[in-house]
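Going down the list, the sequences are from chains A and B. Residue numbers for the first sequence follow this note's numbering, beginning at 1 and rising by one. Residue numbers for the second sequence follow this note's numbering, beginning at 556 and rising by one.
Simulated from the structure, these hints should not be mistaken for lab results. There's no promise every hint is true.
What the hints assert, rightly or not - Below, in silico cross-link-like pairs of lysine to any residue (SDA-like), each with a Cα-Cα straight-line distance of 25 Å or less:
| no. | chain 1 | residue 1 | chain 2 | residue 2 |
| --- | --- | --- | --- | --- |
| 1 | A | Lys451 | B | Asp601 |
| 2 | B | Lys963 | A | Thr226 |
| 3 | A | Lys493 | B | Asp1004 |
Said to hold, decoys possible - Covered stretches of chain A (in silico footprint by chain B; criterion: 3 or more residues with CB under 8 Å from a CB of chain B, positions within the stretch not fixed):
| no. | stretch |
| --- | --- |
| 4 | 44-57 |
| 5 | 337-348 |
| 6 | 393-399 |
| 7 | 467-480 |
| 8 | 490-501 |
| 9 | 542-549 |
Yeah, the Cβ is synthetic: ideal placement off N, Cα and C, and Gly gets one too.
Protein chains: 2
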Amino acid sequence: MAKTNRLIYIPLGGAGEIGMNMYLYGVGPSGRENFIMVDAGVAFPDMASSPGVNLIMPDDRFIQKSLNSLLGIFVSHAHEDHVGAIAHLYGGKDIPIFSRKFTGEIIKQKLYNVGYESDQLTVVKPFPNKIKLKDFSVSFIPIPHSIPESSAILIETTMGNLFHSGDFKMDDNPVLGDSIDYEMVEKACKNDILALMCDSTNIFAKHSGRSESILQRNFDNLFKKTDGLVVATTFASNLARLKTIAVSAKTNGREVCVLGRAMNSMIKAAGDVNVLKGFPSLINPREARRMPREKLLILATGSQGEPRAASAQLSRSSYMNFELGKGDTFVFSSKTIPGNEVAVTSIVNRLVERGVNVIYEDNDDYHVSGHPNEPDLVKMHKVITPKVIIPIHGEVRHLKAHCELAKKTGYESILAPNGTVVEINGDGAQKVDEVYSGKLFLDGTCLIDSKEKTIFDRIKLAENGICSVSIIIDESGKIFDSVWVQSIGLPQKLEGLQADLILEESLNSHISTLDNSIIANDDDLEVSIKQHIAKIFSRDFGKTPVIQVLISRLE
Amino acid sequence: MAKTNRLIYIPLGGAGEIGMNMYLYGVGPSGRENFIMVDAGVAFPDMASSPGVNLIMPDDRFIQKSLNSLLGIFVSHAHEDHVGAIAHLYGGKDIPIFSRKFTGEIIKQKLYNVGYESDQLTVVKPFPNKIKLKDFSVSFIPIPHSIPESSAILIETTMGNLFHSGDFKMDDNPVLGDSIDYEMVEKACKNDILALMCDSTNIFAKHSGRSESILQRNFDNLFKKTDGLVVATTFASNLARLKTIAVSAKTNGREVCVLGRAMNSMIKAAGDVNVLKGFPSLINPREARRMPREKLLILATGSQGEPRAASAQLSRSSYMNFELGKGDTFVFSSKTIPGNEVAVTSIVNRLVERGVNVIYEDNDDYHVSGHPNEPDLVKMHKVITPKVIIPIHGEVRHLKAHCELAKKTGYESILAPNGTVVEINGDGAQKVDEVYSGKLFLDGTCLIDSKEKTIFDRIKLAENGICSVSIIIDESGKIFDSVWVQSIGLPQKLEGLQADLILEESLNSHISTLDNSIIANDDDLEVSIKQHIAKIFSRDFGKTPVIQVLISRLE
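Same shape as in the complex, but just chain A (with noise of 0.2 Å):
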């Protein structure tokens, strides 16, 4: 007798983080599920766990062990937390990808970056335009946040229908693009669905969200205030936020100027295919440098402290010829993410000391958040009147107190942090299972298991560099010449030629001491060595480096 269908939803990341989105929806019996994908996000590295690497993204090992099974994936937004592993994951492979138009644009950008043709994409229009891919019928519900075009995600399904919000705020004037289309909403969703899967990045936020539209007075007020040069920065896809800026500046005497290679080509992006309806004219840096500074806005990338974008170059010296100074005045539209603290507040520094008025520290006059806060969320709640609700986008302390704020609205929850696989059905939600789910590190161009020693050891090499010992042995189990030391990342009393010459004198000697058997077999002889250094270092460093050991044998 065959099983009967059921319908899980299985997060693998994003329920555990901020950052790295991806989610899993299945329908099938238990075990042969056919799955389609929400987002294919990254998260950032940091040198104190992921040193040297360039992208973090979810292992995804579940699926790929049964790719024919991911019947597609759906792209709710442009931000790299969405869409930044897809092009690694699963480009020039048989996945169709959907998404919106812009960001269908940005997802071609990513797979040529890695040498992919755009074959896979297919650009689709927002509901009541559906996909249908087996037991799932999808379609994209516009709604604001912090990038255009941005997307809930309808899922109906042959054994339910889920709503899964994406990231979005409540904004009844979002400056570029359109407010919720509660009419659509109510259409689409028929007091119907089954689970609501709802961002909580916000959730500690007491207060109502406010809209974009509010920073425009206050941005006015900022340049009819001001004399000198203007700069202001925020993230480069943040298309609004830079409209209310230009906009404004414009209105004021101002021409605008972008710097960063992000932005630009954001902007570019956009404009391609048609989503910056009222933004202005722009003008080149050639043109800006000709300006009085009076008279001039620049948009900047590096909000986050980016020490190679456009603002951390400016606090540093210049960048393309513009320099700041004294009666100019830098401001940052934008809300320091955890972690970026020190960076930004190095460019804030600098650029004080240069003589810069910097406008900064939590700066609710310039930026509003793109997310829901605690009461926006309540009223997502009950646009939706969910059977059951599943927080997403959050650390477990986020998605916890969602939980919490949903018990007090009414409604049922459950915890489901990345690699729970959630069953869903007229009942509720219940936990059924787990399957793995990590961390995958992007390395140069190798993708590797975050718990790979690699990153453990690079670790121990950034603590305690390393000390490496070239050891010949002749014929008749002497010491050829002398050995060789060669350390690297040690303190300049420790390292370089004349340290290298006592350590090798000391080592010569320490061997001259030693059994021939020892001598004789090379991991006995490397444990000796090592010991030795080790007790060197000890005594003259207060810890040992990494210690290399090669020995090489004339025989």
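Position chain B against the provided structure of chain A, taking the given hints into account.
Frame of chain A; chain B shown alone:
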């Protein structure tokens, strides 16, 4: 003709960062001043800029060059960022150290830990007691902060008087120790202070600081409504806070147990010098394990996410056989220092995953700051009424904002970051010179210049891994046997025996194509090998590891 005396101020640490405070005051003819130092503190390393480093301290080469001009060191209080560098930089040297009793206990420990007796140390009573050193007469003015016996330093000189605030807060009921004795301050300052050197860390907090004493009621409420085990964490040295929490627990029927070495040793030191008035009795972990959970409060180290402290261990598994779970409550009675957010929130997430009720997130109810907010600074300026205000302890942005505040309240001020030489006289303060300032890293037991190649090399190792090649050239200029490759910190597919063998083979055949003239020259051969390896890695890895070539010759 002898030059006339001048009075100068030189910050070497703390005026450019939060942490590693070190301030010099000099009196004498230009270039031949005698100095006193106030504080000699440390800052803490991170993987991004100081991997493997134990502690960061001011580069004091300016004063090390003429140590005999340093008459003495005065320590305002026992926080690491004011006291942590003394033993490393001045231990065992012929320089007297002065502090109050509790601070002295901590200094003794620090001297002992690096192998010195404490005969350098003189414990002194507060004002009106004065230490006279040539042109200086120095006294300690008790002032509330978040550690016992904090003091401002009154520096009377033959060239005028200065008031160095140290870290402080305005608190009329500081729970442990005394509030500001305004009569004493008036008597000490006699309305005759040339310059006020004033704490700037909290300049951006716009509301008046809150008293330590207001927390008692909140903890009372917490204990009243909570059933399970309660764990609270804060800075080990915040003994007033520990007292507040412990008293509240006791009042509400809970025994108190302290977990973590730092906290236990702080309590012991404070007890030894009798500054723990009203501190309740504690039980040891063995007794605590026998208590019902609802009858126990645990005070735990690790409020900043330190991975080996009690809090982190309790979140990961267990600590001294205590394990947390559903029904238990964990409260952060602390503020997260910028840079520690990720470490702290990962503790929170792990505790939430265990079902623990966690109270955190800038929790105003369970934490008050130990530093002066903007309105408190205005008050302090007024109390001292100096000729000029010199902001200390803060990043440049804090110092600058403090200067702007001074301007608003009608005071002259001067922005004087580390290394600035400021001359102070009846006319105010002027920058007259600059001296070297920077950072020293304590790496193991070695003190190194933060700009040494060491750290740069380690970061390179951490980002790229290392590939070492050993090659033996025989008498005839041929490779003897084979090259030997060993890699550390590379992706698994590029590391290990198999990968090394492939690389060795490729190198062997590369070298066999080389001209004898290249093989005969160490430098040329090294360059050629490095280029070849780089080419291979750039193909297979997308980046190049650190490459180390060890060439031996049989001749």
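*Counting residues of the stretch 542-549 of chain A with a beta carbon closer than 8 Å to any beta carbon of chain B, are there 3 or more?*
holds (count 4)
*Between Lys963 of chain B and Thr226 of chain A, does the CA-CA distance stay at or below 25 Å?*
20 Å, holds
*asked:* Verify this for me: three or more residues of the stretch 44-57 of chain A with a beta carbon less than 8 Å from a beta carbon of chain B.
replied: holds (count 5)
*asked:* Between the stretch 393-399 of chain A and chain B, are there enough contacts, at least three residues with CB-CB distance under 8 Å, for the coverage claim to hold?
replied: holds (count 3)
_So if I understand the rule, the pair passes when the alpha-carbon distance is 25 Å or less; does Lys493 of chain A with Asp1004 of chain B pass?_
Distance of about 11 Å is within 25 Å: holds.
*Within 25 Å, alpha carbon to alpha carbon, are Lys451 of chain A and Asp601 of chain B?*
Within the cut-off at roughly 22 Å; holds.
*Has the stretch 490-501 of chain A got at least three residues whose CB is nearer than 8 Å to a CB belonging to chain B?*
holds (count 6)
_Cβ contact check, 8 Å cutoff: the stretch 467-480 of chain A against chain B, three residues minimum_ = n = 4 at 8 Å, threshold three: holds.
*Annotated coverage of the stretch 337-348 of chain A by chain B, confirmed only when three residues or more have a Cβ within 8 Å*: holds (count 6)
Going through the hint list in order, the structure satisfies each hint without exception.
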